[in-house]
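Visitor: Letter by letter, the chains look like this.
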Amino acid sequence: MSRLGLRARLLFAFALLCVVTAVAVSGVMYVHARNSILQRAQDAAVEATRGRLEALFPLRTATPGPADLAEIARAMSAEGGSALAFYQGMRSLDEEQPGPLRPPRVPPPDPGMISPELRPPVAAGETAWQRVVWRGEPVLVIGAPLMIAEPGGWVRMSGIEVYTVHSLVPEERSIHVLAVWAWLTGGAALVFAVVLALVATRGVLRPVHELGRAARALGEGDLRARVPVRGTDELADVARTFNDTAAELERHVEQLRAMEADARRFVADVSHELRTPLAALAAVADVLEEEAAELPEHAGRAARLVSQETLNLTGLVNDLIEISRFDSGVATLALNDVDVAELVRATLRTRGWTEKVETELPPGVTARLDPRRVDVILANLVGNALRHGDPPVVVRLAAGEDRVTVEVRDHGPGVDETALPHVFDRFYKASAARARSEGSGLGLAIARENARLHAGDLTVVNAPDGGAVFTLRLPRRAPEPDGGAA
Amino acid sequence: MKVGGASRVLLIEDDPAVREGLELALSRHGHRVRAVESGEEGLERLRAELPDVVVLDLMLPGMDGFEVCRRIRAAREVPIIMLTARGDDMDVVAGLEAGADDYVVKPVQPRVLEARIRAVLRRIGRDQAEVERHGDLTIDRASLVVTKNGEPVSLAPTELRLLLELSGTPGRVHSRQQLLESVWEHGYFGDSRLVDACVQRLRAKIEDDSAAPVYVQTVRGFGYRFGPV
Numbered sequence: 001m002s003r004l005g006l007r008a009r010l011l012f013a014f015a016l017l018c019v020v021t022a023v024a025v026s027g028v029m030y031v032h033a034r035n036s037i038l039q040r041a042q043d044a045a046v047e048a049t050r051g052r053l054e055a056l057f058p059l060r061t062a063t064p065g066p067a068d069l070a071e072i073a074r075a076m077s078a079e080g081g082s083a084l085a086f087y088q089g090m091r092s093l094d095e096e097q098p099g100p101l102r103p104p105r106v107p108p109p110d111p112g113m114i115s116p117e118l119r120p121p122v123a124a125g126e127t128a129w130q131r132v133v134w135r136g137e138p139v140l141v142i143g144a145p146l147m148i149a150e151p152g153g154w155v156r157m158s159g160i161e162v163y164t165v166h167s168l169v170p171e172e173r174s175i176h177v178l179a180v181w182a183w184l185t186g187g188a189a190l191v192f193a194v195v196l197a198l199v200a201t202r203g204v205l206r207p208v209h210e211l212g213r214a215a216r217a218l219g220e221g222d223l224r225a226r227v228p229v230r231g232t233d234e235l236a237d238v239a240r241t242f243n244d245t246a247a248e249l250e251r252h253v254e255q256l257r258a259m260e261a262d263a264r265r266f267v268a269d270v271s272h273e274l275r276t277p278l279a280a281l282a283a284v285a286d287v288l289e290e291e292a293a294e295l296p297e298h299a300g301r302a303a304r305l306v307s308q309e310t311l312n313l314t315g316l317v318n319d320l321i322e323i324s325r326f327d328s329g330v331a332t333l334a335l336n337d338v339d340v341a342e343l344v345r346a347t348l349r350t351r352g353w354t355e356k357v358e359t360e361l362p363p364g365v366t367a368r369l370d371p372r373r374v375d376v377i378l379a380n381l382v383g384n385a386l387r388h389g390d391p392p393v394v395v396r397l398a399a400g401e402d403r404v405t406v407e408v409r410d411h412g413p414g415v416d417e418t419a420l421p422h423v424f425d426r427f428y429k430a431s432a433a434r435a436r437s438e439g440s441g442l443g444l445a446i447a448r449e450n451a452r453l454h455a456g457d458l459t460v461v462n463a464p465d466g467g468a469v470f471t472l473r474l475p476r477r478a479p480e481p482d483g484g485a486a
Numbered sequence: 001m002k003v004g005g006a007s008r009v010l011l012i013e014d015d016p017a018v019r020e021g022l023e024l025a026l027s028r029h030g031h032r033v034r035a036v037e038s039g040e041e042g043l044e045r046l047r048a049e050l051p052d053v054v055v056l057d058l059m060l061p062g063m064d065g066f067e068v069c070r071r072i073r074a075a076r077e078v079p080i081i082m083l084t085a086r087g088d089d090m091d092v093v094a095g096l097e098a099g100a101d102d103y104v105v106k107p108v109q110p111r112v113l114e115a116r117i118r119a120v121l122r123r124i125g126r127d128q129a130e131v132e133r134h135g136d137l138t139i140d141r142a143s144l145v146v147t148k149n150g151e152p153v154s155l156a157p158t159e160l161r162l163l164l165e166l167s168g169t170p171g172r173v174h175s176r177q178q179l180l181e182s183v184w185e186h187g188y189f190g191d192s193r194l195v196d197a198c199v200q201r202l203r204a205k206i207e208d209d210s211a212a213p214v215y216v217q218t219v220r221g222f223g224y225r226f227g228p229v
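Protein chains in written order, with my numbering: chain A, 1 to 486; chain B, 1 to 229.
If you're looking for bench data, these hints aren't it; they were derived computationally from the structure.
Nothing here was measured: the structure is a model prediction, and the numbers come from that model.
Every clue listed holds true.
Taking CB as the label site, the calculated pair distances span:
no., chain 1, residue 1, chain 2, residue 2, range
1, B, R8, A, G300, 27 to 37 Å
2, A, G300, B, G221, 47 to 57 Å
3, B, R8, A, H388, 46 to 56 Å
4, A, E297, B, T169, 48 to 58 Å
5, B, G30, A, E273, 25 to 35 Å
6, B, R118, A, P413, 42 to 52 Å
7, A, R477, B, R70, 31 to 41 Å
8, B, E151, A, E294, 51 to 61 Å
9, B, G30, A, R351, 20 to 30 Å
10, A, R477, B, E20, 42 to 52 Å
11, B, G62, A, E273, 20 to 30 Å
12, B, P170, A, P413, 53 to 63 Å
13, A, E480, B, A211, 18 to 28 Å
14, A, Q255, B, E49, 50 to 60 Å
Some, not all, of what chain B presents toward chain A, calculated at C-beta under 10 Å:
no., residue
15, P110
16, F189
17, S192
To spell it out: a stretch of chain A is covered by chain B in this simulated footprint if at least three of its residues, at any positions, have a beta carbon under 8 Å from a beta carbon of chain B; those stretches are:
no., region
18, 274-282
19, 286-295
Glycine included, C-beta positions come from ideal geometry on N, C-alpha and C.
Start from the sequences and build out the full structure, keeping to the hints where you can.
Guide: Here it is as structure tokens:
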């Protein structure tokens, strides 16, 4: 996301820079060129009009009729324009102007061309001009009063106004060409800027991209992920720092792993070493237990204590060995096709819990799993429920398309919310006051490992109406261990 | 095979404390225990003592438990219960392949071991006097003699019990759980590999071709069935 964002931002900045520059340069040039072209055309036209006006003198009459006005107009439109003449509401007539004299590009004169703003200054004796668009074509209209020179150097107004019309089409065309070139140059610059921006962003983004990919790989556990270091810029610095950090991380993780493996091996070794003396102890514990009644009071109590604790210690060591087998990955499944309801019943029956537990066991639910391991899970869950929860303890079996679900629920206070994420931790005790004799503290950890070995899962939640609900989900066909059972 | 009364147990265990503890416990359950510390000594005693059952530790100095197991099997069809110190699956499989009838994981509770010993020593019912014929195989339930093509087949007690159990209802499928309960007297959650290993040994002795069994057939996903021949 941010990668795209950076690219977009860079592109946008480059394009904006280019557009602003192009608009500023071409805009200013365009305006200047246009003004000077128009100015020159205008000046030339005004000059020509003046010259022709002077050539009209002397007038034949001070109060001309329409024919005289047409004469004047014809004289004025001699070259490069058409003309109209006015005198006190009269005007020259178009049709009287000879066609060939009028340049083909110049539109025929029309009183509509002469805007109301143009007339007053002309009437007042000034020469004025205006650019207008007439029927889609730009034209220059120049208005001038006809003056009469009095003897003695005075001039007076004759009352005749002459308007000449010049086409600005050639000038317009030049300006248009100018504009097209400005647009083309601007567009080319923009394209160039975008290409340049893409190249630049690629140069910046590729290392960023690589860095991102390596960081993701690192996050996913590939501690060997590194990025190539190119050049000596800031990005290369970042890449170098990343590589150093990753190397350091890898070293630490390896160290931790080695330490953890050592710790686990130590636990496994200790458990195995404990087994032999414990085997001797366990062998005679029964003898002590049976003889306890015959012994004097203190010796008898001591004998019972030794016997009981030997049993507990045996359980603990067995659990430790079991969990170290999960840790070292040597635990395997002995798969069998079983009727899950029958399996649950057998678990309850062999431990004498049949009367204490309510069951909902639909018949005909079969699954391929390791019955011994599932028995360990169920015995642990039901045992916990009976010890910590309140009755009724309910075991509910449900079958899905490719999963079976066994739910063990009690109706006690449930698991403390703060303890909920930790109940499957090793040696986790829900409360410090919990009696030690209730189990090895590995039961639920082993249960979950057993579930996972089946590619299943074991979870716990508190029911809304009280009580803990442990849910065991197992695939109907657990993955076959290597070799597979017949 | 001892019927009632004291049975003779040969205990082969190298650790002196475990050896003494088990000897003590088994003696209290009324067995006559001969405890030795090595496989070599055990094999020697086997000839002299004629024990009813051998309890064999797999982790032995010198000759290891698997080798001892194979040699005992070669010499006599006496039930063998192994003690697996590690509860290691590979050990269990190797031990069963070497011919052990059952196993107990250390640290063993004497009453568990006692139950296993009783199970392997359990007298086989001789109520049917008929001699059954199944193809080339004859099974005499009275004398407990099995012959193949007229030649007697030497079967270990567990193998014999398995064969009698299966052939009692020819054509019926027995699940591994059922066989564990009826032959080994394990609970519902016994190790089904006991059955598989024993079936392999039995096939090696009575089938013409173990890979294409006629008498003890596998019913995939369910268990085993005798015949139909």
